[in-house]
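Number of protein chains: 2
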Amino acid sequence: MELLEKRILADGKVLPGGILKVDGFLNHQIDTGLLYEMALELHRLFGGEGVNKILTIEASGIAIAAMTGYVFSCPLVFAKKSKTSNISSSLYSAEVESFTHGNVNTVVVSREYLRPTDRVLIVDDFLATGAALVGLKALCDQAGATVVGAGIAIEKVFQGGGDALRAQGVRVESLAKIAEMSDDSLRFC
Amino acid sequence: MELLEKRILADGKVLPGGILKVDGFLNHQIDTGLLYEMALELHRLFGGEGVNKILTIEASGIAIAAMTGYVFSCPLVFAKKSKTSNISSSLYSAEVESFTHGNVNTVVVSREYLRPTDRVLIVDDFLATGAALVGLKALCDQAGATVVGAGIAIEKVFQGGGDALRAQGVRVESLAKIAEMSDDSLRFC
Numbered sequence: 001m002e003l004l005e006k007r008i009l010a011d012g013k014v015l016p017g018g019i020l021k022v023d024g025f026l027n028h029q030i031d032t033g034l035l036y037e038m039a040l041e042l043h044r045l046f047g048g049e050g051v052n053k054i055l056t057i058e059a060s061g062i063a064i065a066a067m068t069g070y071v072f073s074c075p076l077v078f079a080k081k082s083k084t085s086n087i088s089s090s091l092y093s094a095e096v097e098s099f100t101h102g103n104v105n106t107v108v109v110s111r112e113y114l115r116p117t118d119r120v121l122i123v124d125d126f127l128a129t130g131a132a133l134v135g136l137k138a139l140c141d142q143a144g145a146t147v148v149g150a151g152i153a154i155e156k157v158f159q160g161g162g163d164a165l166r167a168q169g170v171r172v173e174s175l176a177k178i179a180e181m182s183d184d185s186l187r188f189c
Numbered sequence: 001m002e003l004l005e006k007r008i009l010a011d012g013k014v015l016p017g018g019i020l021k022v023d024g025f026l027n028h029q030i031d032t033g034l035l036y037e038m039a040l041e042l043h044r045l046f047g048g049e050g051v052n053k054i055l056t057i058e059a060s061g062i063a064i065a066a067m068t069g070y071v072f073s074c075p076l077v078f079a080k081k082s083k084t085s086n087i088s089s090s091l092y093s094a095e096v097e098s099f100t101h102g103n104v105n106t107v108v109v110s111r112e113y114l115r116p117t118d119r120v121l122i123v124d125d126f127l128a129t130g131a132a133l134v135g136l137k138a139l140c141d142q143a144g145a146t147v148v149g150a151g152i153a154i155e156k157v158f159q160g161g162g163d164a165l166r167a168q169g170v171r172v173e174s175l176a177k178i179a180e181m182s183d184d185s186l187r188f189c
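So the sequences go chain by chain: A and B. Note that the working numbering gives residue 170 to position 170 of the first sequence, counting from 1, and the numbers run on in steps of one. Note that the working numbering gives residue 145 to position 145 of the second sequence, counting from 1, and the numbers run on in steps of one.
Treat the hints as calculated values from the structure; they're not laboratory data. Take the hints with a grain of salt, since some may be wrong.
Said to hold, decoys possible - Quick list of in silico lysine to any residue cross-link-like pairs, SDA-like style, CA-CA up to 20 Å:
#1 B:K83 x A:V104
#2 A:K13 x B:S89
#3 A:K13 x B:S98
#4 A:K83 x B:E97
#5 A:K21 x B:K83
#6 A:K21 x B:Y92
#7 B:K83 x A:Y92
#8 B:K13 x A:R111
#9 A:K81 x B:G102
#10 A:K21 x B:E97
#11 A:K83 x B:Y92
#12 B:K81 x A:L34
#13 B:K81 x A:H101
#14 A:K81 x B:N103
#15 A:K81 x B:G24
#16 A:K81 x B:E97
#17 A:K81 x B:V104
#18 B:K21 x B:Q168
#19 A:K81 x B:N105
#20 B:K21 x A:D23
#21 A:K83 x B:S98
#22 B:K13 x A:H101
#23 A:K13 x B:S90
#24 B:K81 x A:E58
#25 A:K83 x B:S90
Predicted, not measured: the structure shown is a model, and the values here were computed from it.
Put together the whole structure using the sequences plus the hints.
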């Protein structure tokens with residue numbers, strides 16, 4: 001998606017350690033007009049798939065997922081980071097390792113809000129190692145819900161998570177795909 | 001706002017300890033159509049105030065704030081819960097006590113994204129003791145930004161946070177105001 005790629009080149013910052021900082025328009029301050037354009041693009045890609053639920057993970061995925069839900073006319077569910085490892089029987093749960101924060105979170109969704117009849121589009125701002133997507137897919141699998149695919153704003157292709165999921169048959173569509181990043185530059189696929 | 005009040009009566013659950021559970025449509029699973037109607041109502045209330053930034057706090061405020069930013073055609077900034085008490089000089093920070101979780105979080109916003117020229121509408125899903133609003137207002141005060149007001153989905157008026165802020169001159173508009181809650185019922189103002 002050219003609009004997003006241009007914005008990354010204009011306002012993104014490449015930091016040491018494979019970090020792309022897009023705090024100015026995607027995950028701290030958020031450009032809501034860009035958000036809407038990204039949601040429209042996800043609808044162009046997945047609009048024919050009978051999606052009836054958007055699933056994301058707190059916190060930075062919520063904004064794009066909310067706008068995507070609005071464009072798809074369906075609800076959004078966000079998986080919550082659990083404060084406790086003592087998971088209630090009313091919840092589905094999965095472990096998710098955070099690339100950015102270097103820790104492992106247990107994420108949960110209430111069983112009420114993921115159903116076997118659901119056709120779920122997973123949405124997130126970033127895809128790197130794929131840990132968040134694997135966790136969100138595990139929640140859907142526990143519920144017996146169908147994962148229609150994953151719609152991602154920015155995929156760091158060189159970290160391999162997206163292609164690992166594609167190899168498992170998950171349809172992963174990323175609006176900007178970064179092939180490589182060096183200390184002060186990046187290249188799209 | 002009648003639409004929201006009706007939804008609370010239909011799908012909200014009053015739990016012991018003054019908890020109103022609206023997980024089914026506002027802060028776990030989110031009705032994105034309702035989100036849009038709430039954003040329109042906030043625009044009706046604050047649309048003439050020259051708002052150029054929406055400020056909220058992660059995580060459950062992000063969805064309504066994102067939609068509000070879209071309707072106001074302005075960016076959203078969400079304050080992040082800090083993983084560390086060692087705050088960088090590039091951040092504004094404030095302490096926020098969580099009524100729901102019974103702990104205190106340090107919340108931060110990058111100095112880049114709150115400016116003295118900003119006219120800020122603070123948006124959140126809930127207003128109870130007002131701790132989150134006080135913290136978000138403190139961030140704006142540190143930046144020298146103008147707080148135009150606060151737009152809230154559900155205010156639990158009996159917890160006093162909203163009126164304390166109004167007494168300080170903050171314009172607080174809540175789309176549903178709950179006067180009292182007992183074990184299995186609630187009454188709106």
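message: Going through the numbered hints above, which ones does this structure break? Give me the numbers in ascending order.
response: Result: hints 3, 7, 10, 11, 12, 18, 20, 22 and 25 break, sorted rising.
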